[in-house]
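If you're matching them up, the sequences are chains A and B in order. Quick note: the first sequence uses my numbering, first residue 1, plus one each step. Quick note: the second sequence uses my numbering, first residue 1001, plus one each step.
The set of hints was computed from the structure by calculation and includes no laboratory data. Wrong hints could be hidden among the right ones.
Between beta-carbon pairs, the in silico distance windows are [said to hold, decoys possible]: (1) K1008/B - A87/A: 50 to 56 angstroms; (2) Q1012/B - G117/A: 36 to 42 angstroms; (3) E145/A - K1008/B: 40 to 46 angstroms; (4) A1108/B - T154/A: 21 to 27 angstroms; (5) K1121/B - K293/A: 44 to 50 angstroms; (6) T1064/B - D226/A: 38 to 44 angstroms.
With the Cβ distance kept under 10 angstroms, some of the chain B side facing chain A (calculated, not the full set) [what the hints assert, rightly or not]: (7) G1062; (8) T1063; (9) F1068; (10) R1069; (11) T1071; (12) C1076; (13) E1085; (14) L1087; (15) I1094; (16) Q1095; (17) G1102; (18) L1109; (19) K1125; (20) I1142.
Below are the EDC-like pairs computed for lysine to aspartate or glutamate, each with C-alpha atoms no more than 16 angstroms apart in a straight line [said to hold, decoys possible]: (21) K293/A - E343/A; (22) K21/A - D1104/B; (23) K21/A - D1078/B; (24) K271/A - E74/A; (25) K254/A - E272/A; (26) K21/A - E41/A.
The C-beta atom is built at its ideal place from N, Cα and C for all residues, glycine as well.
Below are the chains, spelled out letter by letter.
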Amino acid sequence: MNISYESVAVSSRIRLARNFKDYPFPDKLLESPHAREQAVEIVRLITEELQTLEKFDLYDVGTLTEDRAAYLVERNLISRDLVRHSAISAALITPDESISVMINEEDHIREQYFMRGYDLNKAYERITGIDDVIAECVPFAFDAEFGYLTACPTNLGTGMRASVMMFLPAVSRRGLMKQIVSELSRLGLTVRGASGEGSGAEGALFQISNEVTLGLSETEILTAVDNAVKIIVQFELRERERMKAEEGLALRDKVMRAYGILSNCCIIGMKEFMERFADLKLGVTLGYLSSEKQAEELLFAIDDHITAMRPANINRLHSRMLSEAEQNAYRAEQTGKFLRRTEIIV
Amino acid sequence: MLCSQCGKNQAQPYKRWMQEGERTVYLCPECYRLLYGGEKEDFIASYLDSAKNVPRACPACGTTLEEFRRTGLLGCADCYSAFREALIPTVQVIQGRVRHTGKDPVRALEDERRELEDELKDAQKRGDKFMEQRIRYRLSVINRFISGGDE
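So that you can see chain B by itself, here it is in the shape it has in the complex:
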């Protein structure tokens, strides 16, 4: 597809976050720069700017969206809650999706707890006191984490 602006160069799809929502524009990089003043950074900036009801700074670490725009880095885990509305479209652009489907730390520990409980029964059956003690220690660590740890 040719660039919708100059009609000469090969176009690339660019997602833009506009007032009416997300739109895909087909432009060559050169026209994109002319129209929107840059590529990736301004591109992300346009998403960040569109967000409303976002605090100026993260209440936990003080990082501002301006800092994120400049460095590409967030300051702490709480930034993700504070800037969630602004970050969702940005993450969508970078990653293509916004729903985690992979490993979950609590679920992983629960799986391990089940395995250890089976191993504990085996150790008790065998009368292996040393092993039993080790497994009990691991279980206590995991239980403490699961009950008091994560959100």
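Bound-form chain A, shown alone:
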């Protein structure tokens, strides 16, 4: 895997949806007077089994503060649906945040493996191992025709969503996303904004994933997503080179302005922060900016900083709810420090 590849396909995630045979699906379970007891029983069974494998931290969503839940949502470790089901939901998360098992989201189990960089096969290997262990605790709802049964028929069959986060500043800036979206839909794949369904394309980040989950094996789904990712990577890299050749100085100016603003601003809101960092990251991938670190390492460090500067992440650092103005000031201050620390050479 080389740097130019990972500067486009930035992270990989596999999610499996599962349900247990003898319990109503979560939305129905909520209506039952014994919902809480049944949920506690499910959580206990899974926790005991998973903790024999590795260390997982257990989060009872019902007892999480609003801000703590928002923090986990921002880090993509739990979903808004899980929070909506807080009366019966829980999450098991490894300390390195690579594995998250959500209990009683839309389905009884949503297990996901997340990794930096691009390796869907490795991600699948890891999560299918976790899946086998959970399968031994309580029998899964499975049907020879429909496969793994899920609350919504859009997840039937494999219950698998393989998604790759792609940084596509050149393709999106040059108005070529439409073309990609229509090609992908023809292949049974879909494009979403960075934070999943319904989200906009913040920071030129797009999530490519399979739409179809039934009638294809896991390997076929992984291959379909992999083929699409490879084509999009080539497309983006080609457009970056074109953009560099055609826009030359204007593009460099945009990158340097982003660097200047991020280094020196005193107040910055999330929207501008994301836009400027998208320009800055593009500058790193085009070789306008470099540091002592490898470009790949620098991009990862930037992504970590971006996550840490999201509202609930900032609140967590302060152990209190900051106002938006306070957050914007703190974000600006920390970003200046971060950029000085990374010793970027312009």
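Got chain A; can you put chain B on it based on the hints?
Just chain B, lined up with the frame of chain A:
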């Protein structure tokens, strides 16, 4: 292709479940809405309505097809058996196919059982009692599941 109704706008293929079976109609979204009163939801509803011999509610959890139409969610695993006839065309539209070809929980466990049996032999050969005990425990869990668990 142009819309078969207005002849002006670009058409999209829509599958409709009619009395004589499945038909594809080529309409623009606007005419589709005028003719059938909406897009995705009514589209799925037309499939659900065409099913016969389907119980009013799932005998296990009480979910009705009406609820499914409203929320897009089924209530439990038994809903799939109860509403199978209505769901097959719906799933066909959403997924394009109705035959699972991926991972199977029992088959996956049988594979693991074979691997563990090999590992057990190795552990016995090495005289590794601790490992042997751990593998035997895993095997007992898997065997219990395979023999008593799934349908």
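Consistency of the hints with the structure:
1. K1008/B - A87/A: 50 to 56 angstroms: holds, 52 angstroms
2. Q1012/B - G117/A: 36 to 42 angstroms: holds, 38 angstroms
3. E145/A - K1008/B: 40 to 46 angstroms: holds, 42 angstroms
4. A1108/B - T154/A: 21 to 27 angstroms: Holds - the Cβ-Cβ distance for A1108/B and T154/A, about 23 angstroms, lies within 21 to 27 angstroms.
5. K1121/B - K293/A: 44 to 50 angstroms: Hint holds: Cβ distance 49 angstroms, inside 44 to 50 angstroms.
6. T1064/B - D226/A: 38 to 44 angstroms: This hint holds: roughly 41 angstroms between Cβ atoms.
7. G1062: At about 8 angstroms, which falls below the 10 angstroms cut-off, the nearest Cβ of chain A leaves the hint on G1062/B intact, so it holds.
8. T1063: Holds, about 7 angstroms.
9. F1068: holds, 9 angstroms
10. R1069: Constraint on R1069/B not satisfied, violated at 12 angstroms.
11. T1071: It holds, given that the least Cβ distance between T1071/B and chain A is near 7 angstroms, below 10 angstroms.
12. C1076: Since the shortest Cβ distance to chain A is 4 angstroms, the answer is holds.
13. E1085: violated, 12 angstroms
14. L1087: holds, 7 angstroms
15. I1094: Nearest chain A Cβ about 6 angstroms off; hint holds.
16. Q1095: holds, 4 angstroms
17. G1102: With Cβ-Cβ at 4 angstroms, under 10 angstroms, it holds.
18. L1109: holds, 7 angstroms
19. K1125: violated, 25 angstroms
20. I1142: Holds - the Cβ of I1142/B comes within 10 angstroms of chain A, reaching about 6 angstroms at its closest.
21. K293/A - E343/A: With a Cα-Cα distance of about 9 angstroms, the restraint between K293/A and E343/A holds, given a limit of 16 angstroms.
22. K21/A - D1104/B: holds, 14 angstroms
23. K21/A - D1078/B: holds, 8 angstroms
24. K271/A - E74/A: holds, 15 angstroms
25. K254/A - E272/A: Cα-Cα ~13 angstroms, so holds.
26. K21/A - E41/A: Distance ~14 angstroms between K21/A and E41/A Cα, so the pair holds.
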